[in-house]
Each structure stands twice: as structure tokens, then as C-alpha cells.
Amino acid sequence: MSRVTLSGWGRTSRSVATVEDVSSESEIAAVLSSSRANIARGLGRSYGDAAQLSGGTVLRSRMGDVGSIDDQGVVTVGAGASLDELLTVCIPQGWFLPVTPGTRQVTVGGAIAADVHGKNHHVDGSFSRHVREMRIVTPSGVATISPERDGELFWATMGGMGLTGIVTTVTLALLKIETDQVLVDTQRFSNLDEVMSEMTGGDENFRYSVAWVDCMTRGANLGRAVLTRGEHARANDVENVSLHAPAPAKLKVPFDAPNGLLNAVTVRAFNEAWFRSSPRMQLAKPESIASFFHPLDGIRDWNRLYGRRGFVQYQFCVPESSSETVRVAIEHLSSSRVASFLAVLKRFGPSSPGPLSFPMPGWTLALDLPIGPASLPGLLDDLDEMVWSSGGRVYLAKDARLSPEKMRAMYPRLDDFLEIKNRVDPEHVMTSDLARRLDLVGA
Amino acid sequence: MENAFGQPQSVVVLAGTSDIARAITKRLCAARAHTVVLAGRNQQLLDEARSEALAYGARQVDVVIFDARDPSNAERTVNESFEKVRGTVDLVVIAVGLLGDQEHIENDAALVGDMVTVNFTWPVAALAQIRNLLVRQGSGRIVVLSSVAAVRVRRAKYLYGGAKAGLDRLCIGLADSLEGTGVSLQLVRPGHVRSKMTVGAKEPPFATGVDDVADDVLRGLAERTPIIWSPPILRYLFFVLRHLPAPLWRKVTNEVDR
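Just so you know, the protein sequences line up as chains A and B, in that order. Heads up, the first sequence is in the working numbering, so the first residue is 1 and it goes up one at a time. Heads up, the second sequence is in the working numbering, so the first residue is 1 and it goes up one at a time.
No lab work stands behind these hints, which were simulated from the structure alone. Take these hints with a grain of salt, some might be off.
Over 12 Å on every C-beta distance to chain A, these chain B residues come out as not near it, computed from the model [stated by the list, open to error]: (1) Gln44; (2) Ala156; (3) Leu241; (4) Pro247.
Just some of the chain A residues that point at chain B, by a computed CB distance under 10 Å [stated by the list, open to error]: (5) Asn259; (6) Asn263; (7) Leu376; (8) Leu438.
Just so you know, even glycine gets a beta-carbon here, dropped at the ideal spot from N, CA and C.
The task is simple: from the sequences and hints, build the whole structure.
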């Protein structure tokens with residue numbers, strides 16, 4: 001037990017909490033019954049204030065055992081295991097995660113709290129779709145839950161930002177793979193309209209698809225993009241069939257870069273170099289799982305490049321009918337001279353039943369923005385307004401600045417969530433800095 | 001809770017009726033602040049500031065009355081203000097201060113004592129209790145209004161500048177003591193600010209308005225700048241002025257204050 005200063009991956013708001021390492025359900029239950037404010041924290045990869053709790057208790061689970069994988073690919077893992085640890089066990093046996101976010105450095109518990117999505121959401125949905133069952137310690141007791149057993153609590157927990165309790169073990173259905181390679185098609189587009197129309201028509205032919213968009217170009221080149229789409233390579237697609245787990249990162253950012261290193265000028269230059277170095281058109285190029293799915297995991301502590309002030313990530317989704325909002329948002333950014341690194345554009349498939357789950361059928365755009373420009377807070381408030389009025393919403397796992405009013409408007413099923421939370425947490429002891437900021441504690 | 005841009009949701013403003021404090025409060029309410037406690041001496045001015053905060057978007061604004069000439073009430077004032085927030089206090093602004101008319105009070109020991117009490121002793125006593133409460137909370141920010149007059153004290157304002165200098169230096173040490181507690185303290189050093197406190201005074205170069213100071217403070221909150229100069233150029237100007245030989249310094253300030 002120790003007092004620790006915690007922040008999210010964006011390194012913005014910081015607060016001090018008592019950190020407790022827990023390794024059994026009874027230990028967790030004991031903490032929840034003695035501490036008045038609690039939240040779980042995995043590897044701290046949510047960008048904002050979701051896994052910190054000023055003056056409260058932050059629980060870190062040591063329950064990270066990876067069980068044996070049955071012949072259907074079903075495995076039971078401790079929620080404290082990272083996706084990296086899980087992949088280390090399952091890839092050599094020919095299994096892969098059914099859904100993986102852009103980093104392997106998140107825990108299974110964190111993946112559930114944020115109901116994470118990957119490049120295959122348009123085909124496979126979010127993480128929750130592949131969870132068969134889980135164990136959770138809530139303030140009112142321990143339970144085994146699944147879509148069939150207390151489905152209400154199961155779905156409230158999926159995307160529930162850890163506010164229903166502490167998940168301890170998870171039973172997950174994995175995806176069969178024959179090799180550790182992905183066959184990737186890469187295509188360059190000189191503007192946003194072209195890439196969006198290609199994605200609308202063609203994404204359904206690929207399991208994985210994502211576009212990297214340059215938000216700093218204007219006019220005819222507005223939103224120029226590189227689209228990468230891929231499929232797992234079959235055994236007969238490659239010369240040497242191998243099943244190796246990704247290697248740990250060799251590079252690391254050793255100290256905080258100076259504030260403002262990533263500014264409009266340097267980011268523009270980076271985006272330019274990156275666009276020019278991407279192939280115009282390349283088909284079925286074999287790539288490793290690590291380089292295709294987790295490019296940023298190649299450099300440890302890359303968030304330090306943003307300097308001490310940190311950065312925010314802004315990710316929103318809008319329904320299919322509001323695809324114009326994506327364009328307007330990028331126009332807004334490119335004309336405001338706010339530095340924004342390569343943005344990630346994706347198509348989403350159907351939503352999960354979770355009342356706070358983020359994805360909805362349509363488009364999602366994610367932006368990394370360094371703290372600094374005085375116009376940035378207002379610019380993002382304007383984007384909130386636009387996203388909300390288009391029927392869309394902002395992703396809580398990335399959020400560090402939304403207002404409670406906008407949160408409520410964007411997540412119309414918030415009251416359903418709070419009702420279930422109140423049932424399992426009548427004393428409101430599950431909370432977080434994010435929950436306090438967005439009024440999700442319950443009353 | 002404050003957001004990634006250091007925009008608080010709950011704010012306590014000590015001397016919430018000062019022009020600078022009101023300009024800051026307005027901007028905070030327009031951003032994310034929904035709960036505000038304004039502490040001050042004058043009920044009527046507090047009511048005005050309260051309506052202003054509500055008009056700019058606050059949902060709940062309470063007022064607390066105190067007199068900064070009596071440090072024995074500092075702890076009670078802080079406690080009462082925190083209780084009215086009913087929850088996490090994200091930001092405390094200390095704008096307590098008195099410029100005074102030095103020429104007329106410098107020979108009166110009692111009035112000189114009051115100057116030092118209002119500008120130094122009361123804020124320091126309040127800070128002690130604010131520190132206690134915020135450290136226990138594990139988060140929160142403190143913004144203390146200092147002045148460039150504290151950086152190098154000049155003849156025409158030595159009472160005000162001297163007392164502010166004490167507060168300014170003390171706060172730098174206090175800020176260091178807060179490392180690792182989740183709480184932080186930021187100093188604001190404005191130049192000459194056009195406000196009711198300075199009305200009629202001769203304007204030195206780089207004078208600024210209360211709205212500009214408030215903009216600089218909001219930006220400083222987002223960037224977590226330990227010392228917020230307003231206007232920002234004064235940081236460099238005072239780097240030079242601070243090291244001027246005394247005769248030259250007197251000459252420059254005599255010119256400015258004449």
C-alpha cells in the first residue's frame with residue numbers, strides 16, 4: 001500500500017491515490033468493503049483520468065494467469081494479464097485475439113472496461129462480443145456473469161469504465177490463425193473523399209482496415225490518407241510458416257521531450273515525410289502481427305515525446321448518415337493551425353448491447369493533440385457540439401475533457417447504466433476521477 | 001474534477017470581488033466550473049460577482065464573508081468555503097491584496113501593519129489550511145496572485161511590493177513542498193493592471209487589463225506553468241530589471257512613478 005501520483009497515458013490531470021496490489025477475490029472484496037472510493041487500474045493506457053482516483057484506493061490486480069486453450073480456442077485468463085502476455089501464450093498455439101486495440105500493453109480487464117475495438121470492428125465487433133463469461137467482485141458480492149447470467153450487469157460492465165466492480169477472470173473465444181503474418185494492401189489517396197468512398201465500398205472485403213489521415217493539409221489535399229487493409233496469411237500464402245509472439249520493444253523514449261517539440265511545423269513535416277514514404281499502391285505484402293496491429297508498441301514511453309504538458313486524444317464516432325461530420329471536423333482542425341498527428345479513420349459495424357459501449361455503425365476518427373494552443377479547449381468543445389448534433393459520441397477511454405452535460409447527451413442510455421450500477425454499488429464506492437468529472441458515480 | 005486543460009469544475013475564490021478574480025471566475029465558469037464559492041468582505045460586491053458567475057454558466061454559487069485584516073479568521077474562512085463546495089475542490093484562487101496609498105500610510109504603524117497583514121499574513125494563514133485540505137484530497141490547484149512589484153521592490157510601492165515579495169517567495173517554497181502530493185501551486189505575476197485598485201494611478205509601460213491577465217491565467221493552468229507572467233514579456237523584462245545596479249534602478253522607477 002502506497003501513495004502514488006497517477007495520470008493517464010496523455011499525462012494531463014494528475015492525482016494521488018493509495019495503490020493496493022490485490023491477488024485474490026477475497027482481498028478485493030476486503031478492500032471494497034473498507035475503502036470509500038475505489039477503481040481498478042491496469043497498465044494505465046487509457047488516455048485521460050479513467051484509472052485514477054484522487055484521495056481514494058486504486059486496485060492493481062495481480063491475477064494474470066493464462067489458462068489452457070481448448071480446441072475451440074476458448075481460454076480463461078486473469079483480468080490483470082496484458083494482451084501482450086496473452087499473445088505470448090496463444091500465438092505459438094495458432095490462436096490470436098479476436099479484437100486487439102492499437103497496443104498490446106493493456107490488460108484484459110482494461111479491454112473490458114473500455115470495450116475496446118480494433119481494425120476489424122466492421123466485421124467482428126468490439127471486445128465484448130468475444131467474451132463468454134467473467135467473474136466480477138462488486139461492492140455487493142462476487143458473481144459469475146455472462147450474456148445469459150445477469151446479462152444486465154455483464155453488458156453494463158462492458159464499456160462501463162470499471163465502475164461496476166473489479167473483474168477478476170475472463171473467458172474469451174480466440175481466433176484461429178495459421179501464421180503470424182498479415183497480408184496487407186496499402187493504398188494512398190490524395191484527399192478524404194476518395195479514401196472514404198473506397199472504405200465505404202471495399203472494407204467489407206477485408207477483415208482489417210484502417211486509414212491514417214493527414215489533418216494538416218488543406219484545399220484539394222484536405223485529408224489525404226494512406227489506407228491499409230489486411231487478412232491473416234494462410235499457411236499456403238507464405239514461404240516459411242511461423243507462429244512467433246511479438247518481441248518486446250527495443251526502443252524507448254528515455255526522458256520527457258521539451259514542451260512544444262511536436263508543434264504545427266514539426267508535425268506538418270512528419271506527416272509530409274510519412275505520406276511520401278508510403279507506397280502509392282501495394283498488394284498482399286506480408287507484415288508481422290506487431291508491425292501491422294501495434295506499430296506504436298515498437299517505442300516504449302512514446303507519450304514522453306509530447307513533453308511534460310502532455311497531450312489529449314480525441315476520438316469520436318458518428319453514424320453512417322453523418323459521414324459529412326468527419327470531413328467538417330478535419331476541415332476545422334486543418335484551418336485552426338492546431339498540430340495534430342496522423343489521425344486514424346475507421347469504419348464501425350453494429351454496436352454492442354453495452355449501455356456505455358462506444359462504437360456505433362458508421363465512422364470513427366481519432367486525433368492526438370498536444371496541450372499548448374490556447375484555442376484547443378474551445379475547438380474541442382465545438383467538435384463535441386458537432387459530434388453530438390450528428391448523433392455521435394466521444395470515446396471515454398480516450399477522454400480527458402468532456403463535460404458532464406455533453407456526456408449525458410451523447411450516451412442516452414446513461415440512466416440504464418446508472419440503475420445497474422446502483423444495484424450492485426448502492427453506496428457508490430466505485431468511482432474514478434473520470435466518473436467524478438462526468439457525473440457517473442451514481443446518486 | 002479538473003480536465004486535461006486544467007479547467008476546474010469547482011472553484012473557491014478568496015477575494016472573489018477583485019476585478020482580476022472576477023475576470024478569472026467568468027472564464028472558468030464559461031469553461032467547466034459549475035460550483036463556485038466567492039469569499040470577500042463586501043456583501044453587495046459579492047452578490048454582483050455571484051450573479052456574474054451564474055450568468056457565465058455556474059450552477060451553484062455561494063458566498064462567504066471575511067475580513068483579511070484579521071488572520072485569526074483565515075482557517076474558518078477556508079473551511080467554510082470548502083464545505084460549501086460539498087465535494088472535491090479543484091482550484092483555489094487567492095486574490096487577496098491591498099495596494100494602499102503609501103504616501104498617506106507609511107508613517108502610521110497600525111496602517112502599515114494592516115498592509116502587511118492583508119498582503120502577506122492572511123494569505124499565508126489561509127494557505128496553511130488550504131494545503132491541509134487539498135493534500136488530504138490528493139488533488140487540486142492553488143493559484144496565488146502575486147505581482148511584478150514583488151520581483152524587485154521599488155520606492156513608491158515598497159509596502160505593497162515588500163509584502164507581496166514575502167508571499168511570492170514563500171509560495172515558491174510551498175510549491176516545492178507540494179511535489180508528489182497531487183496538489184500544485186502556481187504564482188501569477190501581473191504587471192500594472194488597469195482595475196479599480198489602480199484607478200487614477202500613472203500607467204507604467206506594459207500595463208495590461210484584467211481580461212488579459214485572466215486569459216494568461218487560463219493558459220497557464222492548461223500548460224501548468226509554475227509562474228504565470230502577465231503580459232508574458234515581463235518575464236524577460238524583469239530578468240533584466242532585477243539585476244540593474246541600484247542607482248540605475250532608482251532612476252528608472254523614479255521616472256515611471258513620477
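Now for the hints, and whether the structure bears them out:
1. A cut-off of 12 Å between C-beta atoms confirms that Gln44/B is not in contact with chain A; the least separation is 32 Å.
2. Chain A leaves Ala156/B outside its interface by the beta-carbon criterion, the shortest separation being 34 Å against a cut-off of 12 Å.
3. At roughly 26 Å from the closest C-beta of chain A, the C-beta of Leu241/B stays outside 12 Å, upholding its exclusion from the interface.
4. Against the 12 Å criterion, Pro247/B stays outside the reach of chain A, whose nearest CB is about 39 Å from its own CB.
5. Look at Asn259/A: its Cβ gets to within about 7 Å of chain B, closer than 10 Å, so that hint holds up.
6. A hinted interface residue such as Asn263/A counts as satisfied when its beta carbon comes closer than 10 Å to some beta carbon of chain B; here the least separation is about 13 Å, so the hint is violated.
7. The interface hint given for Leu376/A is met, as the beta carbon of that residue sits about 7 Å from the closest beta carbon of chain B, less than 10 Å.
8. Given hint, Leu438/A at the interface with chain B, holds; its Cβ is 9 Å from that chain's nearest Cβ, closer than 10 Å.
Checked against the numbered hints above, the structure breaks only hint 6 and satisfies the rest.
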